[in-house]
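Chemist: Quick one: dock chain against chain with the hints and give me the complex.
As given, the protein sequences belong to chains F and Y, one line each in that order.
The first sequence maps to residues 0 to 309 in numbering that gives the first Met the number 0.
The second sequence maps to residues 0 to 541 in numbering that gives the first Met the number 0.
Each hint should be verified, as a subset may be incorrect.
Beta-carbon label-pair distances, calculated as ranges [claimed, not checked]:
1. F:ASN172 <-> Y:GLY381: 55 to 65 angstroms
2. Y:ASN255 <-> F:GLY17: 31 to 41 angstroms
3. Y:GLY337 <-> F:GLN159: 28 to 38 angstroms
What the hints contain is simulated information worked out from the structure, not anything from laboratory work.
Where is the CB? At the ideal position from N, CA and C, for every residue including glycine.
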Amino acid sequence: MGRYVARRLLQMIPVFIGTTLLIFLMVYALPGDPVRGLFGDKGGSEATIAALRREYGFDQPILVQYFNYMKDMVLHADFGTQVASGRPVTEILGEAFPVTVRLAAIAFTIEVILGIGLGVIAGMKAGKLADTLILLFSLLLISVPVFVLGFIFKTVFAFQLGWLEPNVNDSMNMGELLMPAIVLAAVSLAYVGRLTRTSVAENLRADYIRTAVAKGLPKRRVVGVHLMRNSLIPVVTFLGTDIGALMGGAVITEGLFNIQGVGGTIFDSIQRREGTTLVGLVTVLVLIYLAASLIVDLLYAVLDPRIRYA
Amino acid sequence: MRGAKSAKWVAIAAVVALGATACGGGESGGKDSGNKGAVDPNAKFSVEVGEPENPLQPANTMESNGSIVTRALFSQLVNYDAKGNIEMVNAESVETKDNKTYTVKLKAGWKFHDGTPVTAESYVKAWNWAANPKNKQKNSFWFSDIKGYAEVSPTKGAPKATELSGLKVVDETSFTIELSTPIPYYVYKLGYEVFSPLPESFYADPAKAGQKPVGNGPYKFVNWQHKKQIEVARYDAYTGPDKAKNGGVLFKNYTNLETAYEDLKSGNVDVLRQIAPKDLPVYKQDLGDRAVDGSNSAIQTIAPAFYTDQFKDIDPKVVKGLSMAIDRETITKTVLQGTREPATGWVAQGVLGYQENAAGDAVKFDPAKAKALIKEGGGVPGNKITIQFNADGGHKEWVEAVCGSITKATGVACTGDSKPDFQADLQARAAEQVKSLYRSGWNLDFPMNANFIRDLFGTSSDGNQSGFSNKEVDALIKAADGAKSLEESTKLYQELEKKLPEYMPSIPLWYYKVNAGYSENVSDVKYNQKGDPVLTDVQVKK
Numbered sequence: 000m001g002r003y004v005a006r007r008l009l010q011m012i013p014v015f016i017g018t019t020l021l022i023f024l025m026v027y028a029l030p031g032d033p034v035r036g037l038f039g040d041k042g043g044s045e046a047t048i049a050a051l052r053r054e055y056g057f058d059q060p061i062l063v064q065y066f067n068y069m070k071d072m073v074l075h076a077d078f079g080t081q082v083a084s085g086r087p088v089t090e091i092l093g094e095a096f097p098v099t100v101r102l103a104a105i106a107f108t109i110e111v112i113l114g115i116g117l118g119v120i121a122g123m124k125a126g127k128l129a130d131t132l133i134l135l136f137s138l139l140l141i142s143v144p145v146f147v148l149g150f151i152f153k154t155v156f157a158f159q160l161g162w163l164e165p166n167v168n169d170s171m172n173m174g175e176l177l178m179p180a181i182v183l184a185a186v187s188l189a190y191v192g193r194l195t196r197t198s199v200a201e202n203l204r205a206d207y208i209r210t211a212v213a214k215g216l217p218k219r220r221v222v223g224v225h226l227m228r229n230s231l232i233p234v235v236t237f238l239g240t241d242i243g244a245l246m247g248g249a250v251i252t253e254g255l256f257n258i259q260g261v262g263g264t265i266f267d268s269i270q271r272r273e274g275t276t277l278v279g280l281v282t283v284l285v286l287i288y289l290a291a292s293l294i295v296d297l298l299y300a301v302l303d304p305r306i307r308y309a
Numbered sequence: 000m001r002g003a004k005s006a007k008w009v010a011i012a013a014v015v016a017l018g019a020t021a022c023g024g025g026e027s028g029g030k031d032s033g034n035k036g037a038v039d040p041n042a043k044f045s046v047e048v049g050e051p052e053n054p055l056q057p058a059n060t061m062e063s064n065g066s067i068v069t070r071a072l073f074s075q076l077v078n079y080d081a082k083g084n085i086e087m088v089n090a091e092s093v094e095t096k097d098n099k100t101y102t103v104k105l106k107a108g109w110k111f112h113d114g115t116p117v118t119a120e121s122y123v124k125a126w127n128w129a130a131n132p133k134n135k136q137k138n139s140f141w142f143s144d145i146k147g148y149a150e151v152s153p154t155k156g157a158p159k160a161t162e163l164s165g166l167k168v169v170d171e172t173s174f175t176i177e178l179s180t181p182i183p184y185y186v187y188k189l190g191y192e193v194f195s196p197l198p199e200s201f202y203a204d205p206a207k208a209g210q211k212p213v214g215n216g217p218y219k220f221v222n223w224q225h226k227k228q229i230e231v232a233r234y235d236a237y238t239g240p241d242k243a244k245n246g247g248v249l250f251k252n253y254t255n256l257e258t259a260y261e262d263l264k265s266g267n268v269d270v271l272r273q274i275a276p277k278d279l280p281v282y283k284q285d286l287g288d289r290a291v292d293g294s295n296s297a298i299q300t301i302a303p304a305f306y307t308d309q310f311k312d313i314d315p316k317v318v319k320g321l322s323m324a325i326d327r328e329t330i331t332k333t334v335l336q337g338t339r340e341p342a343t344g345w346v347a348q349g350v351l352g353y354q355e356n357a358a359g360d361a362v363k364f365d366p367a368k369a370k371a372l373i374k375e376g377g378g379v380p381g382n383k384i385t386i387q388f389n390a391d392g393g394h395k396e397w398v399e400a401v402c403g404s405i406t407k408a409t410g411v412a413c414t415g416d417s418k419p420d421f422q423a424d425l426q427a428r429a430a431e432q433v434k435s436l437y438r439s440g441w442n443l444d445f446p447m448n449a450n451f452i453r454d455l456f457g458t459s460s461d462g463n464q465s466g467f468s469n470k471e472v473d474a475l476i477k478a479a480d481g482a483k484s485l486e487e488s489t490k491l492y493q494e495l496e497k498k499l500p501e502y503m504p505s506i507p508l509w510y511y512k513v514n515a516g517y518s519e520n521v522s523d524v525k526y527n528q529k530g531d532p533v534l535t536d537v538q539v540k541k
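Chain Y with its partners taken away, still in its complex shape (with noise of 0.2 angstroms):
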């Protein structure tokens, strides 16, 4: 008997636990939640957010967690908006004759949290700083443009200078930027968290300023708990162009998404930055339109390796073959669950440059013209293929239904090489062990076309990891870079995008979307192509 009564028991238990999982909508957002109600501008709001890596240094931030708490808390010389278009911060002016040389002009009138005034020099020597090896800074490669870097941070062998000869300070208000090869675009390299300027008082403690930061962005630094959550508050003196609409922010820290979007349901955090996938089916029903769905500039694609004797000499047709062999239309609906949008080329939305269709017909399912390409490119080496990723991710499911696309269509057998985490992933592309293609993605840095194209496809350029290198391809590159302006460049690399069905250098797969969500407590929710919260236009409800 007790046999029968426990079965009953864990009988019961099964029910509850199915209910349990079924009836997350019980609530739903309702109509209430456009821009209605009164506003209380000093009133702040949370966010959610992983502990940051790092600390807060500027050029120390490399990965999200850090850098939305940095951007709050450092303004640059410009930002961009969300077509990708410049606009004036920091910088009153940023003007170029040459693209070689730049003369910034400051903002006057500007302070640090601290109450010092920001000059050249503040932008100069933190420069300087950030790019000197012996920092140890982990973005300082972003100096590398300009001239003097490879002095200050040599490859091989002691350093022969600590400052970069390119800086020079004009006056108090203006300082010069000289490149080492002329760049039409560099204007917007200049966006990035990097080249925030630092107050005097950093210097004295640059360990002890990365806990509690002192920036001259819209918001002051309050505290950081460790793990728990870090609060920012509005500077009342900021003058720029986007002061903040609230009374600041509460970093909040969330271990996983699940429970960051409970605590989304139950009004304990008001702004995500992303859905669990647990939780997508049931978002929009739940948050009604306090759901988020929109573009972010972001591509994830497949890249053979190159150095492999499988691709070395491999003829494009074949790489093409096997792109136009991807059913990405089914893929993004089914197994990613319409979080991702079909790519139609190699630079993702969102950013200046983008045109439609760049891939034409290399992107589009065609099984028998897939199989024929493949042929008359000789076939792939061993006929067999495998897509490396990295199993921490959630890239399991769409390598497999990539690999049953390609093996269906045009009988290469093809299965996925899955390394145990991202940093053995990283660790075997960067030691050039990946066997055949492996997975790759590209968070825009600044929103132009160039990033997309020729840092990952340059031949010696810091993001090209698959060693595709190609002379013709290195040649419109050069030529992009030292077109006369901005616009002529981004003609270029849009010219330079179309042909690259030619050489394939990689498969584009779809681009990302921003699935995120807010709470009724807060409005005027939009997300920038990082697919981060815009934090300074929230509005906070009364």
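Chain F on its own, in the form it takes in the complex (with noise of 0.2 angstroms):
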């Protein structure tokens, strides 16, 4: 397991290479060039603009520019300054992720507990009205957009009953939080339940599952130990996976909610060519999807001892 751990971790190297200089190149290679977008219509003076792409390295080749932001992020966790505020892209990732992590936090919570546990009655219920009302639930999330979901949620709860507030004002509350992330959570919540109950309806058909029962186990310990570890394994996998897009890939929840987090600073660095913001963003989000994929690798051994590492 050790020797697994440490080859997984050297594998990610290579990884962590290929994908930074290819978001690299690509945000390069985008028409459109940061030092000039900053002076709009009016244009200005030559010198300035000079002046500016020097300091941000902009007039040397595009490999020399990727190794020397390479060298200074993994030597001095430094991952530049952003081109039109002059702050350092570690303190914008500083504010933007906490409050990503936050609202991902909730809807993942959100997601597991409601979505096994739906899956889960589905599962043991299979072909009953419970079951099938619970797969229509699903399917409804998975096919309503998530921005009329959200529009929904804002109309009905906020405008209409006045429980909570549209927008996200201060995003240290959780209260304001919550309806963002049960819209971020719906549509991954439907996928776990779904899975969960195909895995559970199958598992419950299983020879070892009718060898418990025989035993004369407990219901409980049958449900709670035998069935849940072995039917977990492939709903696992989804959630590791789904922990990087729930951090990424919130761009149009958080729009939708004023949330100033990860989703909004990736399309703002992309609409102003903030290149080293972009990179230093999809940096940290490819090392939590690694990471992430690591933790379920190893959760398999946990859940099922029949595996091995090699």
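Modeler: Next up, the structure:
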């Protein structure tokens, strides 16, 4: 297991370099110059433009820029400076990530508890009314686009019932984050539920469950230990990759509810050609994905001891 | 059966969704939003902004999110009223005899928010610092009129000086500005934020000062929570004419206008600068007399790229023909939902020297005459044009409408040439890669007609991106700039504007409008020429 972990960690290095290089090249291949973009319709003094270019290293070849960027990042944890604001990118990341982590954590909790809960109920009652209702509910969540769901929630809970604030004004306030978190969790929740349902329904007919029941084990133990452990393997895989998606893919949800997190910052940076900010954000997201998938792989052994690492 | 059931659910969802979009107009402003009710002079109110792009250094702020904050924190020598007339703020007087050397006298007793006095040195040193390319201030070219700029910031080679030779401190409260060529309306430029004074503490760490600015304006800085809000409080020792009638301002950060509008309706933000296109059809009904629909000194045009083969030697009659083929009246009413007003000239409303119908029949919709003019002028080369625009700015719809109008009236094929975003659009313009025509716009820098003519159509003007160059126009600009007085200069520019239909440097489309609104919590919300609310006048109700 120790060797497995070490090997996985080593594998991360080429993945890390590859993804950052790709993002870097893609950002710089986009038309549009971040320095000229600062000046808008009115143009600026050539001397100032040249001085800004020099400061940010835009006058150098792209691979040299990439090398310098990576050197600073790896050696000094320095992600560079934003062209427009002149603020260090680490500071921007430090503002954006905690907000999104909070949002993603609430969404993830909702997703796990409700998703697995509904999935188990549906799986145990496969074919019955409860199952049909849950399947319909999840189908609805999957098919309604996020922004429609957001609008429905806002209209119903904020404007008509007045229970919640329509937008997030304070990202520390868990109450305000609740509604966007539910919207963010909705689609994944449906997938988690459906995955759990299938897997539970299938395993219910497995030999080891029959054996457990025949041994006279109480139902709670049969379901809680024997059934769940085996049924959760595909669900855990999905949840693992979903952490990354929740962290990065919340562009729509964040925009809808005025949350100043990672999603909005990514969108902003693309629009303003802030290459350094974008690469920094994506780098952190890549690290989160890598870490999450490592944890998922390690969890397999806990869930099913037959799985061995080579 | 499952299929049928889920179809029913989807139908229910669709009904809910439709209901959600249809019932935005529940609460209405009512009549109690006038000037009634007691006012709390110490209460703060909130304004919708985006995160400023730059640190809050006055000479570095070019976009609207930052400049509304810097204007609250810094006062300049002069300011303008709603008609474009000059009023003195930090200056006691700005005088000139030859339009070349200006003598500025400051009002006595002004202090920066840190208690240090505002002196002639505070201005001269700040301008020298900002003009120096070493300090990378985005607006540094604003000092290019002052004598010695070419030495400080040469286009090529190393700078020969670090200070503008045209700026001289006379005594504690007066200094002189010498320009390289006479400009009769130079005093107008001095109202721009770039010309703010800076306290001595600024130079110790300009980057830090950009995060915690110390100004001389009606408000003092409290704090800046990035991407959340900027708070400023009234500066009680302020002696300028625009003392704040409220306790301060919270500049609240919004990523889009839709959410800001929702927050306005639920009372979480007080003043908006703009209404999102989605809410435009309902906002007057929603807000009642708190809905704002006023004019704004900005103009939208389309400009031919005169460096292309197509427009290099074009007869202005052809451009005039294209202009007359555009049905501005209908497009502003339908496609733009009444948020623009058809332009009648090249100079926007609310500035000194604005005149009605300056463009005459060049902007009148007349398909028959348009066709005849194009034919007379030798036709459009290739009989095909494109209009370049940035797809992220909401221009697609009207560009298509303008194209449709031109094609229908004249038979000239016209398509939009979409660039993914503003940056790409600007790059194509700067690199002279525009294929045919491009969308262009101009928001005033200072409220005088020269700003809309000289800075766009002079052969070597900064704002001239179309490559328009005409000796006669240049000569007329030179004559207007050489006028003895401001009034005379304004008049000469008015005459020049009347002549522009003969040259057609661009096709005026429409003037922008301010479509905004405010909450029941505030009153006396007015908007200036730039479309920003006048913060100091806003009154907060108890």
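Chemist: None of the hints should be skipped; say for each whether it holds.
Modeler: Status of each hint after checking the structure:
no.: 1; hint: F:ASN172 <-> Y:GLY381: 55 to 65 angstroms; result: 60 angstroms, holds
no.: 2; hint: Y:ASN255 <-> F:GLY17: 31 to 41 angstroms; result: 34 angstroms, holds
no.: 3; hint: Y:GLY337 <-> F:GLN159: 28 to 38 angstroms; result: 29 angstroms, holds
Checked against the numbered hints given earlier, this structure breaks none of them.
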